[in-house]
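Visitor: Listed below are the residues making up each chain.
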Amino acid sequence: MAVQSWIEILKTSKKTALIHDGKRKIHYLFKDGNEMAEEYDLKTDELLVRKWRVKSTLGAQGQWQVEVGEPTAGPAASLDSEVIKENCSNPVFIRKDTKSSFQWRIRNLPYPKDVFCVTVEPSERCIIIKTSNKKYYKKFSITDLDRIQLPLDGSALSFTHANNTLIVSYKKPKEVLTLEQELLKELKKLKGTSDGDMDCKTQ
Amino acid sequence: MATTKVPEVRDIARIERIGAHSHIRGLGLDDALEPRQVSQGMVGQLASRRAAGVILEMIKDGHIAGRAVLIAGQPGTGKTAIAMGIAQSLGPDTPFTALAGSEIFSLEMSKTEALSQAFRKAIGVRIKEETEIIEGEVVEIQIDRPATGTGAKVGKLTLKTTEMETIYDLGNKMIDCLSKEKVQAGDVITIDKATGKISKLGRSFTRARDYDAMGAQTQFVQCPEGELQKRKEVVHTVSLHEIDVINSRTQGFLALFSGDTGEIKSEVREQINAKVCEWREEGKAEIIPGVLFIDEVHMLDMECFSFLNRALESDLSPVLIMATNRGITRIRGTNYQSPHGIPIDLLDRLLIIATSPYTEKETRQILKIRCEEEDVELSEEAHTVLTRIGMETSLRYAIQLISTAGLVCRKRKGTEVQVEDVKRVYSLFLDEARSSQYMKEYQDSFLFNETQTAQMDTS
Numbered sequence: 001m002a003v004q005s006w007i008e009i010l011k012t013s014k015k016t017a018l019i020h021d022g023k024r025k026i027h028y029l030f031k032d033g034n035e036m037a038e039e040y041d042l043k044t045d046e047l048l049v050r051k052w053r054v055k056s057t058l059g060a061q062g063q064w065q066v067e068v069g070e071p072t073a074g075p076a077a078s079l080d081s082e083v084i085k086e087n088c089s090n091p092v093f094i095r096k097d098t099k100s101s102f103q104w105r106i107r108n109l110p111y112p113k114d115v116f117c118v119t120v121e122p123s124e125r126c127i128i129i130k131t132s133n134k135k136y137y138k139k140f141s142i143t144d145l146d147r148i149q150l151p152l153d154g155s156a157l158s159f160t161h162a163n164n165t166l167i168v169s170y171k172k173p174k175e176v177l178t179l180e181q182e183l184l185k186e187l188k189k190l191k192g193t194s195d196g197d198m199d200c201k202t203q
Numbered sequence: 001m002a003t004t005k006v007p008e009v010r011d012i013a014r015i016e017r018i019g020a021h022s023h024i025r026g027l028g029l030d031d032a033l034e035p036r037q038v039s040q041g042m043v044g045q046l047a048s049r050r051a052a053g054v055i056l057e058m059i060k061d062g063h064i065a066g067r068a069v070l071i072a073g074q075p076g077t078g079k080t081a082i083a084m085g086i087a088q089s090l091g092p093d094t095p096f097t098a099l100a101g102s103e104i105f106s107l108e109m110s111k112t113e114a115l116s117q118a119f120r121k122a123i124g125v126r127i128k129e130e131t132e133i134i135e136g137e138v139v140e141i142q143i144d145r146p147a148t149g150t151g152a153k154v155g156k157l158t159l160k161t162t163e164m165e166t167i168y169d170l171g172n173k174m175i176d177c178l179s180k181e182k183v184q185a186g187d188v189i190t191i192d193k194a195t196g197k198i199s200k201l202g203r204s205f206t207r208a209r210d211y212d213a214m215g216a217q218t219q220f221v222q223c224p225e226g227e228l229q230k231r232k233e234v235v236h237t238v239s240l241h242e243i244d245v246i247n248s249r250t251q252g253f254l255a256l257f258s259g260d261t262g263e264i265k266s267e268v269r270e271q272i273n274a275k276v277c278e279w280r281e282e283g284k285a286e287i288i289p290g291v292l293f294i295d296e297v298h299m300l301d302m303e304c305f306s307f308l309n310r311a312l313e314s315d316l317s318p319v320l321i322m323a324t325n326r327g328i329t330r331i332r333g334t335n336y337q338s339p340h341g342i343p344i345d346l347l348d349r350l351l352i353i354a355t356s357p358y359t360e361k362e363t364r365q366i367l368k369i370r371c372e373e374e375d376v377e378l379s380e381e382a383h384t385v386l387t388r389i390g391m392e393t394s395l396r397y398a399i400q401l402i403s404t405a406g407l408v409c410r411k412r413k414g415t416e417v418q419v420e421d422v423k424r425v426y427s428l429f430l431d432e433a434r435s436s437q438y439m440k441e442y443q444d445s446f447l448f449n450e451t452q453t454a455q456m457d458t459s
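These protein sequences, in sequence, are chains A and B. The first sequence begins at 1 in the numbering used here and counts up one residue at a time. The second sequence begins at 1 in the numbering used here and counts up one residue at a time.
Please note: incorrect hints may appear among the correct ones.
Unchecked claim - Within a straight-line C-alpha distance of at most 27 Å, the following computed DSSO-like cross-link-like pairs (lysine-lysine) qualify:
| id | chain 1 | residue 1 | chain 2 | residue 2 |
| --- | --- | --- | --- | --- |
| 1 | A | Lys31 | A | Lys185 |
| 2 | A | Lys55 | B | Lys197 |
| 3 | A | Lys134 | B | Lys156 |
| 4 | B | Lys160 | A | Lys139 |
| 5 | B | Lys230 | A | Lys134 |
| 6 | B | Lys232 | A | Lys134 |
| 7 | A | Lys99 | A | Lys51 |
| 8 | B | Lys182 | A | Lys85 |
| 9 | B | Lys128 | A | Lys55 |
| 10 | B | Lys275 | A | Lys130 |
| 11 | B | Lys275 | A | Lys31 |
| 12 | B | Lys182 | A | Lys55 |
| 13 | A | Lys172 | A | Lys25 |
| 14 | A | Lys130 | B | Lys232 |
| 15 | B | Lys193 | A | Lys51 |
| 16 | A | Lys172 | A | Lys43 |
| 17 | A | Lys130 | B | Lys160 |
| 18 | A | Lys85 | B | Lys230 |
| 19 | B | Lys197 | A | Lys139 |
| 20 | A | Lys139 | A | Lys23 |
To be verified - Selected chain A positions facing chain B (Cβ under 7 Å, derived; list incomplete):
| id | residue |
| --- | --- |
| 21 | Ile84 |
| 22 | Asn87 |
| 23 | Lys139 |
Since the hints were made in silico from the structure, they are not lab data. Where is the CB? At the ideal position from N, CA and C, for every residue including glycine.
Modelling step: build the complete structure from the supplied sequences, incorporating the hints.
Guide: Here it is, written out as C-alpha cells:
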C-alpha cells in the first residue's frame, strides 16, 4: 500500500553511503531529480539530520531544506544578508527525533506553559501551535506520515515547556517503527566508503 | 571639535534619460486599425503603420509562429520607430527582443548560437511557480544610520499577523526598498523572500481611525491571518533562454569555475522544448510567442540568413521583424547582389512594409514632438527654419539641432529658442552634405589622402 510505495521509491533511488565523523551519511538521488541526505549516529543509530534538495519547476537547483536536525549556518547564509532574515531573538523551530517519537523543539519562547495550545488537525494533516498572547503561531505537517499516508492521531501528541523551549512530541506509530528498522538494516548493508579521503575524480 | 557633517539622504527615484525614440508610446492606431495622423508620438507613414497594426494583431493572437516581416525604407523614415511602436503596444507581458545585425558577431560565441539565443529570448513561457513570501502588518520599523555617515545601515522590521509576531533584520538593499515604498507602521505588506521585492497591499483596518493625511486611493485591508511566511503560487513569464541557462549550468563545485553561460548544448534545448510542450499539454504553462527585432539586417551574412530560413520553420519560433535601409546590394559573405542585401529565398518568406520619406508637414510635427520630449521651447519662426533644415538635410540632423539650440538659448538666458540660436548651431555643426562638400574642397590638405585613393581603386 502507501507504506510499500514509499519503500519502493527508497529502493529505486540511487544511494551513496559514507562513514565519517562517527556518522553514517547517506545520499539518496530520486528518479525525479530530487535529493535527500541523511545522517545517522554510528553508535545509537539515531537519525541526526535529514535534508532535502528539490528542483524548482524550471529546473533550477534549490537550497538544502533541513527536515530533521539543526539548520546549517554555512557561509551561504551570510551572503544573503543583503535582503531580509529573521532576527536571532525569534523562536527557532527544529525537529529532533528520538527512537520512539517525532519531536520538535522551539527555542526562544519565554512564555509560561499555559499560553501554548498544541492541537492536531487531522483534516489538514498538520499540527498547529497557537499562543494566547498572539506571539507565535506555527502550522506544520509530519512529513514522515505524509509520505506513507498514515492518518494523524490526536492522542499521540504531547508537549512540555522548560528553559524557554517548547517540546512537542508525537509517538511514532507501529508502521513507522517497523519501516525505520527495515530501512536501517538495508542501509547497514550498503558498503560505505569508510573514513578518509575519497578519490576525487577529475572531470 | 571636528564638525560632523550630516549626510544628505539622496532620493533614489530615477530620472529617465531621453533616447532617440523615447517619444514613441505606440503605433497610434484606432480600434479599427486605422492610423491617426498624429498619435502616440507617431506622425505620418500611414500605410506602413496600418500594415504594422495588422502584424501586431497577428502577434497578439499568438497562433502563428515563424512569420517574418521586413521594414524597408530610406534612412530616417521611422523604421525603428515603427518597431518600437509595436513593442510598446504589445505591453510588458509579451517578450520583445531587439538587437542590431552586427551584435551577433562575437569571438566567444558562434553567429548561429547568438541568433538562436535571441530567438529563444523572444519566446515567453507563462508558468506557475511556488515562492516563499512574508505577508504581514508592519508593527514597527526602525532604521539606524551610523553617525559617521558611512558604513552599513542597520534596520529592524517587526511584522505581525492576527496570530503571531516576528522581528526581521534588514539588509541594506531592503532598507532602501522600504524607504522608497514609504512603508510605515500600519501598512500591510508582502515581501518576496527570494528577490526581496516589496509590495504594499494597503493599510490595516485597525489604523483606519488614525487622523493621518492619506490619499484618496489608500485602501484598507484586513490584517493577514495565520503564519507570516507562506508559500504562494505566482504566475510569471520567463523566456525559453532563461530556462536554458538555468538548466545548462554546470552542477556542483564546477559551477564556481564557469563564469559565463557561453554556448548552450542543443541537447539541453531539445530537452527543454519537450518539457515545455509537456507543460503546455498538462495546462501548467502557456507559451507566448514574442517578437524578435533585428535592426540593420543587411549586416547579417549568408550563414545567418540560411539559419533564419531554417529557424523560421520551427513551431517554437517568434515573429521576426527586420529593418534595413539598403537598396540592391551585395549579400554579406557572398559576391551576389540582392535587394536589401537579403537572399531571394528569404525575401520570398517576408512580408515587406515600405516606409516613405516624410513630407514637410510631417517633419514639422515630428520636430514639435521631439521639442516637447527634450523640454525645449521653440519659437514659431525657429520651428519653420528647423523644418526647412530637416527637409533639406535630414530629419536626424534637425533633431540633433533641437537640443544644441536649446543649450545655446539657455546660455544666453533666453526662454524660447529663436532663429538666431538655430542659425548659430547650424553654423557650428556641419550636416552630412556640407561636411562632404568641405572634404571635396580641402581633400588635399587631409592626412593619408594619397594612400586612401589608391586603396579605393583596389576594392
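Visitor: It remains to establish, for every hint, whether it holds in the given structure.
Guide: Hints, one by one, checked against the model:
1. Note on Lys31(A) and Lys185(A): the hinted pairing holds, with a Cα-Cα distance of about 23 Å set against a maximum of 27 Å.
2. Pair hint Lys55(A) plus Lys197(B) holds up; C-alpha atoms about 22 Å apart against a cutoff of 27 Å.
3. With a C-alpha separation of about 20 Å, the suggested pairing of Lys134(A) with Lys156(B) holds against the 27 Å cut-off.
4. Of the pairs offered as hints, the one joining Lys160(B) and Lys139(A) holds, with about 16 Å between alpha carbons and a cut-off of 27 Å not exceeded.
5. At roughly 18 Å between alpha-carbon atoms, Lys230(B) and Lys134(A) fall within 27 Å of each other, so this suggested pair holds.
6. Restraint check for Lys232(B) and Lys134(A): the C-alpha separation of about 23 Å stays at or below 27 Å, so the hint holds.
7. A distance of roughly 19 Å separates the Cα atoms of Lys99(A) and Lys51(A); the hinted pair therefore holds under the 27 Å criterion.
8. Restraint check for Lys182(B) and Lys85(A): the C-alpha separation of about 20 Å stays at or below 27 Å, so the hint holds.
9. Distance hint between Lys128(B) and Lys55(A) is fulfilled; the C-alpha atoms sit about 14 Å from each other, no more than 27 Å.
10. The hinted pair formed by Lys275(B) and Lys130(A) fails the criterion: a straight-line CA distance of about 43 Å is larger than 27 Å.
11. A C-alpha spacing of about 16 Å is found between Lys275(B) and Lys31(A), which places the hinted pair at or below 27 Å, so the restraint holds.
12. For the suggested pair Lys182(B) and Lys55(A), the alpha carbons sit about 36 Å apart, so the restraint of at most 27 Å is broken.
13. At roughly 23 Å between alpha-carbon atoms, Lys172(A) and Lys25(A) fall within 27 Å of each other, so this suggested pair holds.
14. A threshold of 27 Å between alpha carbons decides the hint, and for Lys130(A) with Lys232(B) the separation of about 22 Å falls inside it, so the pair holds.
15. The straight-line distance between the Cα atoms of Lys193(B) and Lys51(A) is roughly 20 Å, inside the 27 Å bound, and the hint therefore holds.
16. With a C-alpha separation of about 21 Å, the suggested pairing of Lys172(A) with Lys43(A) holds against the 27 Å cut-off.
17. Restraint check: the Cα-Cα separation between Lys130(A) and Lys160(B) comes to about 14 Å, which is no more than 27 Å; the hinted pair holds.
18. A hinted pair counts as satisfied when its Cα atoms are at most 27 Å apart, and Lys85(A) with Lys230(B) qualifies at roughly 15 Å.
19. Between Lys197(B) and Lys139(A) the alpha-carbon distance is near 25 Å, which keeps this suggested pair within the 27 Å criterion.
20. The hinted pair formed by Lys139(A) and Lys23(A) fails the criterion: a straight-line CA distance of about 31 Å is larger than 27 Å.
21. Satisfaction of the interface hint for Ile84(A) is found here, the shortest Cβ-Cβ separation to chain B being roughly 5 Å, below the 7 Å cut-off.
22. Given the 7 Å rule on beta carbons, the hint for Asn87(A) holds: about 4 Å separates it from the nearest Cβ of chain B.
23. A hinted interface residue such as Lys139(A) counts as satisfied when its beta carbon comes closer than 7 Å to some beta carbon of chain B; here the least separation is about 6 Å, so the hint holds.
This entry does not satisfy hints 10, 12 and 20, going by the numbered hints stated previously.
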